[in-house]
Each structure stands twice: as structure tokens, then as C-alpha cells.
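Make a model of the complete structure from these sequences and hints.
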Amino acid sequence: MKKHFLIYKLLLVLIITGCNDEIEDIQPFTQGNPSTFFKDIQSFQNGVDGAYNKLRSYYQDPARGLQGIPDILSDNVVLAQTGRRSNEVFYDYRYNPNTELASSWIFNQGYEAVGAANLVIGQIDNLPDGDEKRNIHGQALAARALAHFDIVRLHAKIPTQSADANSSLGIPYIKVEDGDTGNPLATPARETVASNYQEIIEDLEKAASLISSETVEGRLNKNSVYGLLSKVYLYNGDYQLAINAADKVTTPLATAAELEDVYTDVSNAGLVIEFAINTTSETRNNNVGVLYSQTNSEGTKSEYVIDFDFFQSIDDNDARKSVMVFEADFADNKYNAVKKFLGEKGEVNGRVDIKVMRAAEVLLNKAEAQFELGNNAEALATLDELRAARDGGTGSGSETGQALEDAIQLNRRIELAFEGHRFFDIKRRGESINRSSKGDLIDGTGTPAEILTLAAGDNRFQFPIPADEVNANPNFKQNPGY
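Each residue of the sequence shown is one higher than the last, beginning at 743 in this note's numbering.
Keep in mind the hints are simulated off the structure, nothing from the lab. This structure is a prediction, so every number in the text was calculated from the model and none was measured. By construction, the Cβ of each residue, glycine as well, lies at the ideal position given by its N, Cα and C atoms. Treat the hints with care, since some could be wrong.
As the list claims (entries may be wrong) - Computed spacing ranges between beta-carbons, pair by pair: (1) 1201 / 1039: 43 to 49 angstroms; (2) 951 / 1051: 41 to 47 angstroms; (3) 986 / 906: 23 to 29 angstroms; (4) 982 / 840: 41 to 47 angstroms; (5) 1071 / 1179: 21 to 27 angstroms; (6) 784 / 1003: 31 to 37 angstroms; (7) 1071 / 1115: 45 to 51 angstroms.
Okay, here's the thing in C-alpha cells:
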């Protein structure tokens, strides 16, 4: 626990080198006192950028990143038999407290992001009052909230998941305020899920009142915070608040014509939160697309391919279909390979910026919240706004009742496919994961998943707490079932 909750001890004052306005890897600074180091706008921004670096690291990692693992856990993909069988421990739901992959990686890096944000927040009054101070403070609060949100939604229940979710085990929410540097021997206990979501919302609501509207690639702004609020409110069952927050996001949707360029980093159309990476350095381990495939002289070796039934459910005129898939040849087989995150324009190295949130997700949050409140006409209008921007999208455009709910969820699945959402969407709705029995080849033949169902309520919807954490802190209880 000490190594994760007292990042101050190692820290972390942060030296940043710039390259085409992208935030690069940040080296730890292990000498000096935060109260004297944090003294001007640039040093404070360096500190916030350190938090972004940690957030980005667990989204982008090519072996265990949050940008891909939730799709591998879900019903969107099938393991390709000619691949390396990477991440199969997640695909087959065999993870445990000693699994040295996404569980510990996201937990560790997430709490390191919290630590970096807390250093900034704790020293914020070193800055004179004004818009720059407010913006730094808002960024740090939002980064702290996002890191806690990602940790808790992976390792604990989601409020809308079940009747007992709010009273179930959450995570420690680590705050450092007003110049406090924290307790180096802290061994915090787990809070409830309800408490965690209240604290996340409090941080985001405060951040919204402080943060700037200015768009800087790789950093959070007012649209980012309201987009996050629309998502957290939806997860928390605060449907009218989700609608209100979504309405405050001014980022326009990417059009059908712009979608291709969004995923090859030619365009930032429709992006609400993006973590930029250094795509010019061959030494950087930042090729997120490797989760899905690698391309070499033999062809594209897919790790996971698009589930055949899911692919068939998408209208051929839907602009999203061609953006998500390409036909790949490997080892005398053909596959429906994942095209998103394949690489920048003209590249196939999987090295692209991380699309954490897009305006389309915010609109889908709004449509679902409207439906949950019984506002069917408004929900349909919101969904049709998205479908109109996707060359008509998938669906009839006149759904009501259950058909409307199904259309919202199908369009959510299509729109956000392979971007790290599907597992959480199934989980928060208290549903089962039901994979098709189709195989990995392009026509649905081949080898299907070994495990086709993860029943609602299964303990594996909550990832285990890493064993090292439980062993280091007797107050940190393990999740049930592990």
C-alpha cells in the first residue's frame, strides 16, 4: 500500500520534454520538497502532466491496456487461433489476485495518477489567484476523479449493476488537500461504492467550475469534465444529471466522412478526451493496436477478430462498419480484423492516440438516460441525431419501448466497439455476457470461444485486488470469490 498511496515518497516532480505538443514520457524527480518545487504555472502544469502520463499508460499499454481489455472480456471479439493467444487469461475469465497483467497494472498506475494529482492539489495555494490557478486545480481534480473512476469500475460493482452495489466494497478514495502531503504509513480501508461515486462526482463538479474551456491536445478541459460527468452520472443512475451534463458538452459529432481520419489521427473531430502519444519514437512501447493485431511481411496476424454475429448485425450502409473492420489474410485464412487503432494514416504499427471519450459517447449517454426516465420521444430524437451522422446508422428510426432500448444499446455497441467500453456497459446494466458460438474465421466458422457465458452476478465482473496490495495492507479486503 505504501508504494501506491504515497507516491509523494518517490515522487514525482516531473520533467517533460515536448514534441509536437504531445505529452511524452515523464521522468520521476526524487529530490526536493513539493512545497518548494511547485512554485509557478509551468511546474504545476508539469505535475498535472505527470498524472496524465500515468492515466495514458494504463489506457495505451499494448499488453494490458484499458483501451482493449474490456472488449476482449466481452462479446465483441473472438480469439484468433493463429495469433499469439495474448490476453487469453482475460478472454477465458481466468484472472486471479496474482495475475500480473491488467488488474495490477491499472490499479498501480491509476493510484500513481492519483498521487501525482494530489501533489498538485496539496500545493495549489502556492499560486496566485486567477484563471491559470483555477485551470490547474480543475485539471488535477478531474485527473484524480478519472483515475479513481477507472479503478473502482474495474475492481468493484457499479451502482446500477445490482440492488446491493452501493453498499458493497469500493476502493480507498485518496485525497490530499490544503498543503497536506499525506501519511507515509497510511493503510486505508475500502469504502463503499456509493461513497466512491459521491467523491468522484464531487471532484468532477468542482473541476467543472474551475477548468478552462481551452483545448490542448492530451489535456482535460471543460468539455472533458462535463463528458465525464455525463458518464459517471449514468453509471450512478442519476439520469437527469447525466442529461444536463451531456447538454453542456459543445464538441460536435464527427461526421461519417470524418470517422476514418479520426482513427488514423488525421483529424480530432468529435474527440472530447484524447491522450496523445509520441508516434515518432520507435523505442516507445505505445502501440495500443497490438492488442488486436500485428502486421508484418506475412500479413496481419490478428490476436482478436470481430465476432461474426456482431459484424452481421451492422447495416452495410452504416458508416461505422468500414471504419471498424478490414479483411485480413494470415496463414491461408481470412479474418474480420479490427481496423480501429491499426495505425496513423499509411501505417499498420498500431501506434495512434488514445480516444478516451468522443462526443458520440456523450450523446449515447444522454439517449440512454432519457430512455431510463421514460422520455421515449426525446431518447429517439437523440439516437437519431447520432444515426444521421452515421449515414443513417443501424436501426429503423421509429423504435419505441423495448425496441428503442435495444436500438440505443446496439448503436452504443457499434459506435464504441474496440474502444474499451463493452464489458463495462454490460456490467453496469446488470446483464450477462452472452457470446455467440461463431468461430474466428471470416465466415463465422473456425474456433469459437471456450466460455460463451458470464452470468450476471458472477464475481468475475469485479476484478481481484492485486495480492501485493492485500498482503501489504490488512485493511484492504479482497473481493468475494477470489
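> Which of the stated hints cannot be reconciled with the structure, identified by number in ascending sequence?
Replying inline: Violated hints: none; all satisfied.
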